[in-house]
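Q: For the record, the sequence lines run as chains A and B. The opening residue of the first sequence carries number 1 in the numbering used here; numbering runs sequentially from there. The opening residue of the second sequence carries number 1001 in the numbering used here; numbering runs sequentially from there.
It cannot be assumed that every hint is accurate.
Covered stretches of chain B (in silico footprint by chain A; criterion: 3 or more residues with CB under 8 Å from a CB of chain A, positions within the stretch not fixed) [as the list claims (entries may be wrong)]:
(1) 1048-1057
(2) 1068-1079
Distance condition first, Cα-Cα at most 27 Å in a straight line; then the derived BS3-like pairs of lysine-lysine [to be verified]:
(3) K1072(B) / K341(A)
(4) K1259(B) / K1350(B)
(5) K1259(B) / K1106(B)
(6) K72(A) / K1076(B)
(7) K1106(B) / K1396(B)
(8) K106(A) / K341(A)
(9) K1341(B) / K72(A)
(10) K1396(B) / K1464(B)
(11) K106(A) / K76(A)
(12) K396(A) / K341(A)
(13) K72(A) / K1072(B)
(14) K1221(B) / K1194(B)
(15) K341(A) / K1076(B)
(16) K1259(B) / K1305(B)
(17) K1221(B) / K1267(B)
(18) K106(A) / K259(A)
(19) K1341(B) / K76(A)
(20) K1396(B) / K1076(B)
(21) K76(A) / K1072(B)
(22) K396(A) / K305(A)
(23) K305(A) / K259(A)
Derived from the structure by calculation, the hints contain no laboratory data. Virtual Cβ for every residue (Gly too), placed ideally from N, Cα, C.
2 protein chains.
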Amino acid sequence: MSSGLQVNPGVLGIRPLINLQGEIKPSSTVTDVSSGDLQRAGMPPLSFARQVLAVCLYPELVEDDTLPPDVKQRAKMLLSSCNGGSVGSYPQTASGIPEVLNSVAKFIRRRDGGVTSRSDDIISSTGSQKSLQLVLHLMSSGVGRTQTGVLIPVPCPHTLPMLLDDTRVKQVPYRLVEERGWAVDLDELHRALKAARGQCEPRAIYISNPGNPTGHVQDRKTMEEIIRFAANERLILLAEEVHQDSVYGSDKEFLSYKKVLFEMDTKYSETVEMISFHSISSICMGDGGLRGGYMEMINLDPAVKQYIKTMQSSSSTVILGQLALEVMVNPPAPGDPSYRKYTQEILHRKETLSQNAQRACDFLNRLRGMSCQPAMAGVFLYPRLHLPPRMIEDAKRLGVQADLLYCRWLLEEEGLCLGPGCENGQEEESFHVRLCILAPAAALDDVLARIASFHLRLLDKDAKDTDSVET
Amino acid sequence: MSSGLQVNPGVLGIRPLINLQGEIKPSSTVTDVSSGDLQRAGMPPLSFARQVLAVCLYPELVEDDTLPPDVKQRAKMLLSSCNGGSVGSYPQTASGIPEVLNSVAKFIRRRDGGVTSRSDDIISSTGSQKSLQLVLHLMSSGVGRTQTGVLIPVPCPHTLPMLLDDTRVKQVPYRLVEERGWAVDLDELHRALKAARGQCEPRAIYISNPGNPTGHVQDRKTMEEIIRFAANERLILLAEEVHQDSVYGSDKEFLSYKKVLFEMDTKYSETVEMISFHSISSICMGDGGLRGGYMEMINLDPAVKQYIKTMQSSSSTVILGQLALEVMVNPPAPGDPSYRKYTQEILHRKETLSQNAQRACDFLNRLRGMSCQPAMAGVFLYPRLHLPPRMIEDAKRLGVQADLLYCRWLLEEEGLCLGPGCENGQEEESFHVRLCILAPAAALDDVLARIASFHLRLLDKDAKDTDSVET
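Looking at chain A on its own, in the form it has when it is part of the complex (with noise of 0.2 Å):
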């Protein structure tokens, strides 16, 4: 009997490194540090969020003397605004519980330093990456050269090539200057639109602020420049801001796109159309298996903020998660019975951080055959591989990119996981691999022992079989 279900090749392409995860090893002997998932690094949860949502799960636990006073009356004020005063229940509207999303825009405001923000702009996700494939979904249209285009970073985060195929909305590559830290440079803003219009037709600009997997933190001027660019280019703006608290490099902060546009000319301010985009698997959360962001949207047509709202399908909304997203934009305020503890755990996660990066990137760059630009911001680095020229002919012969060879062999011999720079959507012939640098200070240490092992056998032994060759 033939089967009626289509496998329609290319809607979304199959991911060589799960597929190589799963053919190995075990999961459970496997250090998997490609991706930023504080949990599965070893990052203990945050006591208040856990502890709040706990207790909006099984509401008995108010009687529990050990658990503080204000973990139990945020839980009564979250459910209170569940229907049927249960997190099992369906939510009433899909674009978000009304209180989370008022809690979004307080959070915002003061974010931004008194910028103005409206909940009815805001819609809660399951994640940033949900948000952003509903509105690839809905900007996907035409084929060939009316095909709609995104411009892109390159590097970008490693789940957005498979979004923008998933949505069949086609990639046009902006390359970021690796010398530089991986700054935005405009010409090449300019160059790769260019290039672009006549195959395709570019509607929005992508960017990743702080950068993932960068650790870029754009300056104002940058962003400003970015703006006009996308105003005097009518493309609607993308801004990821996932990794927005986490900046650690000395000098550097965090300023949002919609603060810099909206201190701007009113003749960007007023028209230039922004989607930004935030989750609670940033660090100040690190939940992100619990399914909770949020999208703000800025000069948008009513009509079209109102379509968005009503595809945003309720039946994608996870009530537990928009109460985690709840807890990470309204913490526990000085004097809270819950402050102290959270401020210091905060604190040690960002301070586990900035060591970390500097120390990994101290440690990485005096390998031979590697080089890592220092990061500012974000969990992850993103070294760059001087591979020889041998294996580089080697993973040609075998149809792979040489990073991702180069990955498989470590996960083989090494038992860790990295993440190939292939999956960044990096340019030819220049090869890096993504590794999340939040962890315990010891599981790090042995993550960068077992890189250095492989890294330098790798050399040695193309060293050798060079010398004997030769000889």
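With chain A's structure known, arrange chain B on it following the hints.
A: Chain B alone, transformed into the frame defined by chain A:
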């Protein structure tokens, strides 16, 4: 500045009732019995499940002396199956946590009296709708005469038509027989299929058993006929079996399509392609908002099965929903400390459901202008409205379905939200409403009183107006 975001009309219908609700009354003053949401209906959640999940969220609760030991044990076991031992991490595989899939397979074997079930055939999801959406997305192809069609019952679950539109699959409606308690009629299946051929490419038949919203429970003979029909016509069987644990009709029992199929001749059991759907919104859990479910795939081409697994994006997986699913399919066993309380809570739900169904059905049948088939399962009643011809005319003039108008007026006058039959895809000139009957007895009485009060006012007013016109 023109928007690059396209509003694609018709991709997703805007549900009138959602808008309506938002416009007319703030949610807190509306009693909404239009969907099968146990939590919103005021049914208390199951203690064991919520306790286990609370400990998973905040593992320090293992120190809480008021929580039973089997709760703590289960939480530990579940946490050890999560990446990094945390519910906030991302899952290793998108198709599900292996321990959860194993528990589901065991549950199916137990339920179906020894019929085999392999975890490899099971994919966990964020609910039955999401699984179905993925499958429809894969089946969807063609336009016009080559567009994929799926046979669907009339009435069908109110979420189904939107799902089909969204995935661009054509509805091929087959009418259920109201006078026979909404049974499936084989001649009608043949008629529907014949009428559709040439108009589209029918590829699957969708079954809801126990029927949503009808409460009908299919018998083995009917199911065998449907399976033979699917086999002969080369249709995939999509079996929604979410209400499998809520059969209360006397002499009725739930048989899964898989069990019936596997007990037929091998020419069927080894060839008919089938996918069955289940979720934690069923009454043995009733926590739909936590988002968990699974689908089991039978006789599917291994390549297709693998492709479905790949398509299932890990970004849509909710760890906590998967753990809730595990607790649902693997409840406390006799001898466990939580067994007694668990069975009492389940029994209370089932008794409430059975008594409510009987009482509400009797009550509605006593109202003139209304008739209601007795339900045998599920959480809905689906009574028929015999409306005054003038109201039907009024509705036509307003361009809405008469049952939608009925529900709108009821909402305005009584603050009570029922589901209009037009959402369930009913026949022309045949009007129904959908109401969830799983609620505490007093709450149901209140709902019934408000329906009666409104309904009789409506009929009396019509009679008076008609009199005065005739006078």
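Q: Run every hint past the structure and note whether it holds.
A: Hint check results:
Three residues within the 8 Å Cβ limit are the bar, and the segment 1048-1057 of chain B against chain A gives 6, so the coverage statement holds. Under the rule that three or more residues need a Cβ within less than 8 Å of chain A, the assignment of the segment 1068-1079 of chain B is violated, with 0 such residues. The suggested pairing of K1072(B) with K341(A) holds, with an alpha-carbon distance near 25 Å, which does not exceed 27 Å. Distance hint between K1259(B) and K1350(B) is fulfilled; the C-alpha atoms sit about 24 Å from each other, no more than 27 Å.
Between K1259(B) and K1106(B) the CA atoms are separated by roughly 14 Å; this keeps the pair inside 27 Å, and the hint holds. With a CA separation close to 24 Å, the supplied pair K72(A) and K1076(B) stays within the 27 Å bound. A C-alpha spacing of about 53 Å is found between K1106(B) and K1396(B), which places the hinted pair above 27 Å, so the restraint is violated. Proximity of K106(A) to K341(A) is assessed by CA-CA distance (about 23 Å); at most 27 Å being required, the pair is judged to hold.
Using a Cα cut-off of 27 Å, the hinted pair K1341(B) and K72(A) holds, with the two alpha carbons roughly 25 Å apart. Using a Cα cut-off of 27 Å, the hinted pair K1396(B) and K1464(B) holds, with the two alpha carbons roughly 21 Å apart. Straight-line distance between C-alpha atoms of K106(A) and K76(A) comes to about 20 Å, which keeps the hinted pair within the 27 Å bound. The suggested pairing of K396(A) with K341(A) is violated, with an alpha-carbon distance near 53 Å, which exceeds 27 Å.
Restraint check for K72(A) and K1072(B): the C-alpha separation of about 21 Å stays at or below 27 Å, so the hint holds. Using a Cα cut-off of 27 Å, the hinted pair K1221(B) and K1194(B) holds, with the two alpha carbons roughly 23 Å apart. Taken as a hint, the K341(A) and K1076(B) pair is honoured in the structure, with Cα atoms around 25 Å apart against an allowance of 27 Å. With a CA separation close to 20 Å, the supplied pair K1259(B) and K1305(B) stays within the 27 Å bound.
This hinted pair checks out: K1221(B) and K1267(B) have alpha carbons roughly 17 Å apart, not beyond 27 Å. A C-alpha spacing of about 14 Å is found between K106(A) and K259(A), which places the hinted pair at or below 27 Å, so the restraint holds. Between K1341(B) and K76(A) the CA atoms are separated by roughly 25 Å; this keeps the pair inside 27 Å, and the hint holds. Proposed proximity of K1396(B) and K1076(B) is contradicted: the alpha carbons are some 59 Å apart, above 27 Å.
Distance hint between K76(A) and K1072(B) is fulfilled; the C-alpha atoms sit about 24 Å from each other, no more than 27 Å. At most 27 Å may separate the alpha-carbon atoms for a hinted pair to count; K396(A) and K305(A) exceed this at roughly 47 Å. For a cut-off of 27 Å, the pair hint linking K305(A) to K259(A) stands: about 20 Å separates their Cα positions.
When held up to the earlier numbered hints, the structure conflicts with 2, 7, 12, 20 and 22 and fits the remainder.
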